[in-house]
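S.K.: Line by line, the protein sequences give chains G and R.
Start counting the first sequence at 1446; every next residue gets the next number (the numbering used here).
Start counting the second sequence at 5; every next residue gets the next number (the numbering used here).
Errors might be hidden in some of the hints.
[Said to hold, decoys possible] Subject to a maximum C-alpha distance of 20 Å in a straight line, what follows is the list of computed DMTMM-like cross-link-like pairs (lysine to aspartate or glutamate): (1) G:Lys1489 / R:Asp131; (2) G:Lys1489 / R:Asp156; (3) G:Lys1565 / R:Asp156; (4) G:Lys1500 / R:Asp131; (5) G:Lys1609 / R:Asp131; (6) G:Lys1562 / R:Asp152; (7) G:Lys1562 / R:Asp156.
Derived by calculation from the structure, the hints in this document are not laboratory data.
Note that the structure is predicted; figures quoted are calculated from it, not measured.
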Amino acid sequence: MKKLLVICLLIITSNSLLKAEVDFVGLLVSDIKAGENSEKEGYKCITVSPSMMEKMLDMMPSNDAQESAQIRKVLPHIKSLRIFNSQEEEAEEYGKEAITLLDKNKDKYKPYNASKKETKSKIWLRKNKDKVVEIVMLIQNENDFKIVNFTGSMTTEFVTELLKM
Amino acid sequence: MDYKYIEQLLERYWECETTLEEERLLRDFFMQKQLPAHLERYRSLFDYESAEQSNQLGDDFDKKMLGLIDETEVKAVRNSIIYRLQPFYRAAAVVAIIFTLGMAAQHSFSTDSDSPEAAYNYADFKDSYTDPKVAYEEVASALKEVSDGLKDAGLQCKDSANYMNNIQ
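Chain G on its own, in the form it takes in the complex:
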């Protein structure tokens, strides 16, 4: 009986661990905290949770300007937003760390580049079956590094509307 109980607990634990996926910024922040730069914290992190997204949708007026109307079409596809920003001297270092982390998780995050040209911002997408569930955009400037990280259910319709913005 005890063995059975232990097995069940192990299954529950592993099940919950399997479910507890984090977004890329979450991964990076954990990585930074676990690493050598843990004490520096030369970055800011902005989070907009799914519940706040819902509040935003409720708040939005139905008849609005063109841009707001476009956002209203896009917002239901998004669940959360996280922005990682560093304007400190560690910015470049964090940029490299993010690239390394993306490379480590290359089975999850796939780089997106339709034109194959060199751009200031770089995009990685994470797919779940036929939908993109996460967008990670890295913007590296001279003294500034930023990650825009959306999660949600981002279909072709979402991209169509997003490109109209």
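Given chain G's structure and the hints, the job is docking chain R onto it.
M.R.: Chain R alone, transformed into the frame defined by chain G:
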């Protein structure tokens, strides 16, 4: 010798009317070595009674009994905590099995669905803004940046239907 008194006492004895003192007199009488022949047959009865009278509990009886009680050690059966918690283990195991099956079913259903919640745990998400209007401004700005980023990456509006194909 006149044994009338004894005979009367005997008569009353058979009728159960004698006092304790009279019974004691009878016992004393029948303890004599020489008894008349017609009373000799009752000797054994009163001998027995005398013997029984002297057969009393001694002063050390209580002490002996208490000693025996002390010797007989009653051992209480001690149940270990593990043994006592056995019903709890069983109940917990049943709950765990039900919970595991439920979670397994939920997991299989949610994996089938396209909901992003199947992949992410938003429990750790702590909002940076309390005002939805401020959050909206941030999200709108971020969406614009991503839109520009996708355009920079070469995605045109007319190609959006194929954007999945460009994922390397």
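S.K.: Confirm or reject each hint.
M.R.: Hints versus structure:
1. G:Lys1489 / R:Asp131: holds, 13 Å
2. G:Lys1489 / R:Asp156: Status violated; Cα separation ~25 Å.
3. G:Lys1565 / R:Asp156: holds, 8 Å
4. G:Lys1500 / R:Asp131: Given that 20 Å is the threshold and the Cα spacing comes to 12 Å, the pair holds.
5. G:Lys1609 / R:Asp131: Roughly 28 Å between the alpha carbons, so the hint for Lys1609 (chain G) and Asp131 (chain R) is violated.
6. G:Lys1562 / R:Asp152: Judged against 20 Å, a Cα distance of about 14 Å means the pair holds.
7. G:Lys1562 / R:Asp156: Status holds; Cα separation ~9 Å.
Hint check: violations occur at hints 2, 5; the rest are consistent with the structure.
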